[in-house]
Amino acid sequence: MHKRRTILPLRTGLIFLAPASLFIAAFILLPFFWIAGVSFTNRSLTGVTAANPEFVGLKNYLKLFDLSSFLQPGQFGSSLVITGQFVFWSAIVGQAVLGLILAWFFYRRTGWVKESVQTLAIIAWIIPDVVVAFAWSAFLDYDGGTLNWLIGLFGGEKVDWLLGLPLLSIIIFNAWRGAAFSMLLFSSAFGSIPPSYLETADVVGAGAWQRLKDIILPLIRTHIVTDLILITLWTFNTFSPFLLTGGGPAFKTEVVSVLTYRVAFKYFDFGAGSAIGMVMMIINLAFALVYLSLLRRQEGTR
Amino acid sequence: MNVVRHVLGRVGFYVVSSLFAAIFALPLLWLVVAPFSTKANLSVSLPEQWSLSNFARVFANSFAVRALFQNSVIQAVGTMVLVTLLATLAAYALSRAPIRGRDTISYGLVLFSSIVTGTAAMVPIFLLIFRMGLIDTHLGVILVFTGGLLPAAVFIMRDFVDSIPRSYEESALVSGASHWGMFRDIALPIVRPGMMVVGVWTFVNVWGGFLVPFILLRSPGKMPASVAIYSFYTEGGTPIITLTTAYALLYTLPVLALYLFVNWKYGFRFFGGIKS
Amino acid sequence: MAKRITTLLTLLILGAFSSQAFSQSVSIVCRCVAGGVSSNQVAWMLEYVIPEFEKAHPGVTVTLNQFGGSDEALKQQYALDLSVGKGNDVMGFDGFWIPEFASGRLLKPLNQVAGSAVDSWEGWSHISEGIQNIMGYNGEIYGIANGTDVRMIFYRKDILEKAGVPNADNWQPVAWQDITDAASMVLAAFPDSAPLQINAGTSMGEATTLQGYYMLLLGTGEEPYMNGKWVVRSQGILDTLQFYREIYVDTKYGSQRVQLVKDGRDQSFANFRDGKTAMLVEGDWFYRSVTAPGSEYGVENRDEVMGWAKMPARIPGAAIRGQDFVSASGGTGWVLNPNSANPGLAWEVMEFMNSKAARDAYQKYQPGIAARDDVPVPNSPFLTQTASVLLPLTVSRPNNDDYAKVSEQIQLMTENVVSGQMTPRQAMDVYAGAVRGIVGADNTVDLLNGN
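Chains as they are written, first to last, in the working numbering: chain A, 1 to 302; chain B, 303 to 578; chain C, 579 to 1029.
Please keep in mind that the hints were generated in silico from the structure rather than gathered at the bench.
Think of the CB as a built atom: it goes at the ideal place given N, C-alpha and C, for glycine as much as any other residue.
One or more hints might be untrue.
So the derived label-pair ranges between C-beta atoms look like this [said to hold, decoys possible]:
{"no.": "1", "chain 1": "B", "residue 1": "Trp352", "chain 2": "C", "residue 2": "Asn957", "range": "41 to 47 Å"}
{"no.": "2", "chain 1": "B", "residue 1": "Lys567", "chain 2": "A", "residue 2": "Val97", "range": "29 to 35 Å"}
{"no.": "3", "chain 1": "A", "residue 1": "Leu71", "chain 2": "C", "residue 2": "Gln755", "range": "37 to 43 Å"}
{"no.": "4", "chain 1": "C", "residue 1": "Asn618", "chain 2": "A", "residue 2": "Gly164", "range": "35 to 41 Å"}
{"no.": "5", "chain 1": "C", "residue 1": "Asn716", "chain 2": "A", "residue 2": "Lys63", "range": "25 to 31 Å"}
{"no.": "6", "chain 1": "A", "residue 1": "Thr110", "chain 2": "B", "residue 2": "Leu387", "range": "29 to 35 Å"}
{"no.": "7", "chain 1": "B", "residue 1": "Gly435", "chain 2": "A", "residue 2": "Gly164", "range": "47 to 53 Å"}
{"no.": "8", "chain 1": "A", "residue 1": "Gly164", "chain 2": "B", "residue 2": "Val317", "range": "41 to 47 Å"}
{"no.": "9", "chain 1": "C", "residue 1": "Val662", "chain 2": "B", "residue 2": "Val317", "range": "55 to 61 Å"}
Straight-line alpha carbon distances no greater than 27 Å define the calculated DSS-like cross-link-like pairs of lysine-lysine that follow [what the hints assert, rightly or not]:
{"no.": "10", "chain 1": "C", "residue 1": "Lys983", "chain 2": "A", "residue 2": "Lys59"}
{"no.": "11", "chain 1": "C", "residue 1": "Lys633", "chain 2": "C", "residue 2": "Lys934"}
{"no.": "12", "chain 1": "A", "residue 1": "Lys114", "chain 2": "B", "residue 2": "Lys567"}
{"no.": "13", "chain 1": "C", "residue 1": "Lys854", "chain 2": "C", "residue 2": "Lys830"}
{"no.": "14", "chain 1": "C", "residue 1": "Lys807", "chain 2": "A", "residue 2": "Lys59"}
{"no.": "15", "chain 1": "C", "residue 1": "Lys983", "chain 2": "A", "residue 2": "Lys266"}
{"no.": "16", "chain 1": "C", "residue 1": "Lys830", "chain 2": "C", "residue 2": "Lys840"}
{"no.": "17", "chain 1": "C", "residue 1": "Lys840", "chain 2": "A", "residue 2": "Lys158"}
{"no.": "18", "chain 1": "A", "residue 1": "Lys266", "chain 2": "C", "residue 2": "Lys807"}
{"no.": "19", "chain 1": "A", "residue 1": "Lys63", "chain 2": "C", "residue 2": "Lys983"}
{"no.": "20", "chain 1": "A", "residue 1": "Lys266", "chain 2": "C", "residue 2": "Lys664"}
{"no.": "21", "chain 1": "A", "residue 1": "Lys158", "chain 2": "B", "residue 2": "Lys341"}
{"no.": "22", "chain 1": "C", "residue 1": "Lys740", "chain 2": "C", "residue 2": "Lys854"}
{"no.": "23", "chain 1": "C", "residue 1": "Lys854", "chain 2": "B", "residue 2": "Lys341"}
{"no.": "24", "chain 1": "C", "residue 1": "Lys807", "chain 2": "A", "residue 2": "Lys63"}
{"no.": "25", "chain 1": "A", "residue 1": "Lys158", "chain 2": "A", "residue 2": "Lys252"}
{"no.": "26", "chain 1": "A", "residue 1": "Lys252", "chain 2": "C", "residue 2": "Lys830"}
{"no.": "27", "chain 1": "A", "residue 1": "Lys266", "chain 2": "C", "residue 2": "Lys840"}
{"no.": "28", "chain 1": "A", "residue 1": "Lys252", "chain 2": "A", "residue 2": "Lys63"}
{"no.": "29", "chain 1": "C", "residue 1": "Lys807", "chain 2": "A", "residue 2": "Lys252"}
{"no.": "30", "chain 1": "C", "residue 1": "Lys840", "chain 2": "A", "residue 2": "Lys252"}
{"no.": "31", "chain 1": "C", "residue 1": "Lys830", "chain 2": "A", "residue 2": "Lys158"}
{"no.": "32", "chain 1": "C", "residue 1": "Lys840", "chain 2": "C", "residue 2": "Lys983"}
{"no.": "33", "chain 1": "C", "residue 1": "Lys854", "chain 2": "A", "residue 2": "Lys158"}
{"no.": "34", "chain 1": "C", "residue 1": "Lys735", "chain 2": "C", "residue 2": "Lys854"}
{"no.": "35", "chain 1": "C", "residue 1": "Lys740", "chain 2": "C", "residue 2": "Lys830"}
{"no.": "36", "chain 1": "C", "residue 1": "Lys807", "chain 2": "C", "residue 2": "Lys983"}
{"no.": "37", "chain 1": "C", "residue 1": "Lys840", "chain 2": "B", "residue 2": "Lys341"}
{"no.": "38", "chain 1": "A", "residue 1": "Lys59", "chain 2": "A", "residue 2": "Lys266"}
{"no.": "39", "chain 1": "C", "residue 1": "Lys633", "chain 2": "A", "residue 2": "Lys266"}
With these hints in hand, go ahead and build the complete structure from the sequences.
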């Protein structure tokens, strides 16, 4: 390995880093410390605790994990379970796998078909939240929605998506919405594989599935991990399911971001809302560390 | 035999592609059809009479029009420029300068930002912008969005920069270029596709963002389209289908146009890089 | 040199004073959009209030900030703005928000903001104490109410007649049984109908609590908040929930789906318009605004086919205060921002908005039950009738800053029963636990177990 010449000296590097750091310090770190601090108080926006907030120690946190009501609908525990399912199925299984399939299907192909399909996927991703939720409300509508109409065409019975299968509905919705990001990421990852590896596979006569499993996937492991980290974090905190189901019916789709909204903005209870935020932070951190340790392990075995 | 296989292969390709295309296009079909009918409902049906009257009514609402064609644009473009510039600088520094713990910084910031852009942080953001005297200003909105989107933008840009072979920059340095000159003349042009991706991604996020402008803006004359669309809702809080779909269509077109343009000119993909 | 400086200074100071005198402005904000929500109120403001006031006070500009979002969104903005000492001078406020804003010291009593001019206003003698208290808390008044409303059962005379309900032209149930009997007859005659609509579920928000739950609970002789305590378990709650279960789960008297869907309230209005629903419990606003000719849910030949009846107690005499019939009232109004730069001037605007002249003008844009007793409702027998019959019977919500949170639990409780997920007793127990957590167990009472 040849000696790496420093392209940028440390001081210049820090200067380059400075403007972004300023913004991040002001608009990310500062609010974070506010949240951390408030989570130990009973501060609210209206009511008596607005005029006189008090320090309450760990009370907000303990209330979140109060075992007697932990798994009741509308409580934190129930929301965690829902969010966990939501993240697993819509991000890890849905977005990542769908993105992988799309990237793999169009790998080394060019032409208008590939461009069109990829563009459609990306359109689904960049349309504003409000608009997409609106379109899906119509798509999933029991009486007039397109999906039920299609099901009817194939001889099936109408399904009450938003009321009867709300969690499934938001899972499908979110997978559909975000698949493009994974698709793009994996596409580029595939593109960075030197052709020589695949030529070897051709020579050996390996089938497509074997090629994927034994050669390509291992090569792009870091990309897979990066993708999973990003989409897991983003999906854990996404608010768009609220626009589709409002967290209902009866809290069945209240993912943690919606619960936070209800606590912090409907009830104006900042102490509790901040505590939820901090706990989510810790959970997200745990996930990130798990993913990163997977990364380290791979790099070690190279 | 080979010909048959080849033909089947092609047919299969088209069939599967159509399936994928249908998956992504079907839910959006309604949006393209509903605005043009005066009796819109939730099903996809060709209107008996194609009419532009919904659009006429939307345009009659001057606040909503201004929101879309002026305020959203100002906020989205402003943030886009700021984020792209700052993220490129920062990503370059993290990639090329011996900054300790740069991986931890990258991941750590993305972690922080994903929580802090949620609802829990809206109140401290409000208080902060209030102290800065920037409530009800476009600048306030732009600054907050910039701060929130920078970590992920830096993350994305860094992958682009990392994939550039150092040889170009090293030779530039050897031939006596200054650090800033090397950055400006060699590195920037190469990472331009990455900047485009980050630019579009930023634009999309701001264009569709509701919470931040809702918290920070007060005058109806400054609201962006993401907030103004709610003025087409009924008193009970449900959308008036005819008007909301028309506005939604108008609201969507600019992001579409931007993406198509960038894709056509620069290609929209991650890790552009040069084959080494 | 000194002379020049003095002249300059004098001019500057004079300029500053004069610009003060000329740049007096007052801003009003409400949830109202021209051509959209509460457009009548906007029209009244822009065509009458602002021009007239500016004419009488030259040099003053009054602006109207039209807020187009939801009520909840407006409340959030109010809370944020007031907490940092900002906000428009005159704010459109829902009465039941006042307790939490007042106890949080975000609002101050009117006479503390604008001084003695408030106490000497002539309007107070024309507004009953009950209506004054809509905008009150803990004995202080924080604003002036726009008016109030009453709630009743609206019914389709034509549908009831076709179903064979006796006295369809002047239908007046005297017990809950009469309502279900009528529903059963309508369902028999029209199998596809959803005869009865009593709001339930969280989607309808406060409309569930006030038009739905209250109207039933009052008929059992109870209120959610009695004698300084929140009632968390009681026979009245059980009876109410049991009734909900009967109409939405055990029978098809009401449409279960409509209570659970996001736009259920709009759907229920459409059902009434189309004759699919024959009986619907709502406020007078339903008559004067929702079903008015020309509006989206306007009923054809409304005055021939639509009637109203008093909401009965569970059985005669079982309602609160021993009444046979019940009603519930809410109200919105205007408050004065304690952070206003011109509180005296802002008060004058509010005073003007609530003067007899302005209120008479308002009735032309949006007739309703006015706060002032010297403002008659022009040309609306419906409103005068309902007001005189129902106002004496009515109950309003408690002036308690936990009300909004408890109301949410009430909505949730009805949703749990109406969706069939829980039995009335289970739903009530969940409610009890939640409310104890919100207000503290010391502020609750369990009427079933006597603690």
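The hints, checked one at a time:
1. Remark: the range hint 41 to 47 Å for B:Trp352 to C:Asn957 is upheld by a beta-carbon distance near 43 Å.
2. Look at B:Lys567 against A:Val97: about 31 Å separates their beta carbons, and that is inside 29 to 35 Å.
3. Distance hint check for A:Leu71 and C:Gln755: the Cβ-Cβ separation is about 40 Å, which falls inside the suggested range of 37 to 43 Å.
4. Evaluation of the 35 to 41 Å hint for C:Asn618 and A:Gly164 yields a pass: the beta carbon distance comes to about 40 Å.
5. In this structure, C:Asn716 and A:Lys63 meet the distance hint of 25 to 31 Å, their C-beta atoms being roughly 28 Å apart.
6. A beta carbon spacing of about 33 Å between A:Thr110 and B:Leu387 agrees with the range 29 to 35 Å that was offered as a hint.
7. Evaluation of the 47 to 53 Å hint for B:Gly435 and A:Gly164 yields a pass: the beta carbon distance comes to about 50 Å.
8. Taking the beta carbon of each, A:Gly164 and B:Val317 are about 31 Å apart, not inside 41 to 47 Å as hinted.
9. Range check, C:Val662 to B:Val317: about 60 Å between beta-carbon atoms, so the 55 to 61 Å window is met.
10. Simply put, C:Lys983 and A:Lys59 have alpha-carbon atoms about 20 Å apart, close enough for the 27 Å limit, and the pair holds.
11. At most 27 Å may separate the alpha-carbon atoms for a hinted pair to count; C:Lys633 and C:Lys934 meet this at roughly 18 Å.
12. A hinted pair counts as satisfied when its Cα atoms are at most 27 Å apart, and A:Lys114 with B:Lys567 qualifies at roughly 17 Å.
13. Simply put, C:Lys854 and C:Lys830 have alpha-carbon atoms about 13 Å apart, close enough for the 27 Å limit, and the pair holds.
14. With a CA separation close to 25 Å, the supplied pair C:Lys807 and A:Lys59 stays within the 27 Å bound.
15. At most 27 Å may separate the alpha-carbon atoms for a hinted pair to count; C:Lys983 and A:Lys266 meet this at roughly 9 Å.
16. Restraint check: the Cα-Cα separation between C:Lys830 and C:Lys840 comes to about 20 Å, which is no more than 27 Å; the hinted pair holds.
17. The hinted pair formed by C:Lys840 and A:Lys158 meets the criterion: a straight-line CA distance of about 19 Å does not exceed 27 Å.
18. The hinted pair formed by A:Lys266 and C:Lys807 meets the criterion: a straight-line CA distance of about 23 Å does not exceed 27 Å.
19. With a C-alpha separation of about 17 Å, the suggested pair A:Lys63 and C:Lys983 falls inside the 27 Å cut-off, and the hint holds.
20. Between A:Lys266 and C:Lys664 the CA atoms are separated by roughly 20 Å; this keeps the pair inside 27 Å, and the hint holds.
21. With a C-alpha separation of about 24 Å, the suggested pair A:Lys158 and B:Lys341 falls inside the 27 Å cut-off, and the hint holds.
22. Between C:Lys740 and C:Lys854, the direct Cα distance comes to roughly 13 Å. Compliance with the 27 Å bound is thereby established for this hinted pair.
23. Using a Cα cut-off of 27 Å, the hinted pair C:Lys854 and B:Lys341 holds, with the two alpha carbons roughly 21 Å apart.
24. For a cut-off of 27 Å, the pair hint linking C:Lys807 to A:Lys63 stands: about 23 Å separates their Cα positions.
25. For the given pair, A:Lys158 sits about 21 Å from A:Lys252 by alpha-carbon distance, which is consistent with the 27 Å threshold.
26. With a CA separation close to 25 Å, the supplied pair A:Lys252 and C:Lys830 stays within the 27 Å bound.
27. A hinted pair counts as satisfied when its Cα atoms are at most 27 Å apart, and A:Lys266 with C:Lys840 qualifies at roughly 17 Å.
28. The hinted pair formed by A:Lys252 and A:Lys63 meets the criterion: a straight-line CA distance of about 21 Å does not exceed 27 Å.
29. The suggested pairing of C:Lys807 with A:Lys252 is violated, with an alpha-carbon distance near 31 Å, which exceeds 27 Å.
30. In summary, the hint linking C:Lys840 to A:Lys252 is supported, as the alpha carbons are separated by about 14 Å, within the 27 Å threshold.
31. A distance of roughly 21 Å separates the Cα atoms of C:Lys830 and A:Lys158; the hinted pair therefore holds under the 27 Å criterion.
32. Under the criterion of a C-alpha separation no larger than 27 Å, the hint pairing C:Lys840 with C:Lys983 is consistent with the structure, at around 20 Å.
33. As the CA atoms of C:Lys854 and A:Lys158 are separated by approximately 22 Å, the hinted pair is consistent with the 27 Å bound.
34. A C-alpha spacing of about 13 Å is found between C:Lys735 and C:Lys854, which places the hinted pair at or below 27 Å, so the restraint holds.
35. Restraint check for C:Lys740 and C:Lys830: satisfied, since their Cα atoms lie roughly 19 Å apart, inside the 27 Å limit.
36. Proposed proximity of C:Lys807 and C:Lys983 is supported: the alpha carbons are some 15 Å apart, at most 27 Å.
37. With a C-alpha separation of about 21 Å, the suggested pair C:Lys840 and B:Lys341 falls inside the 27 Å cut-off, and the hint holds.
38. A C-alpha spacing of about 20 Å is found between A:Lys59 and A:Lys266, which places the hinted pair at or below 27 Å, so the restraint holds.
39. Between C:Lys633 and A:Lys266, the direct Cα distance comes to roughly 41 Å. Violation of the 27 Å bound is thereby established for this hinted pair.
Violation of the numbered hints given earlier is confined to hints 8, 29, 39; the remaining hints are satisfied by the structure.
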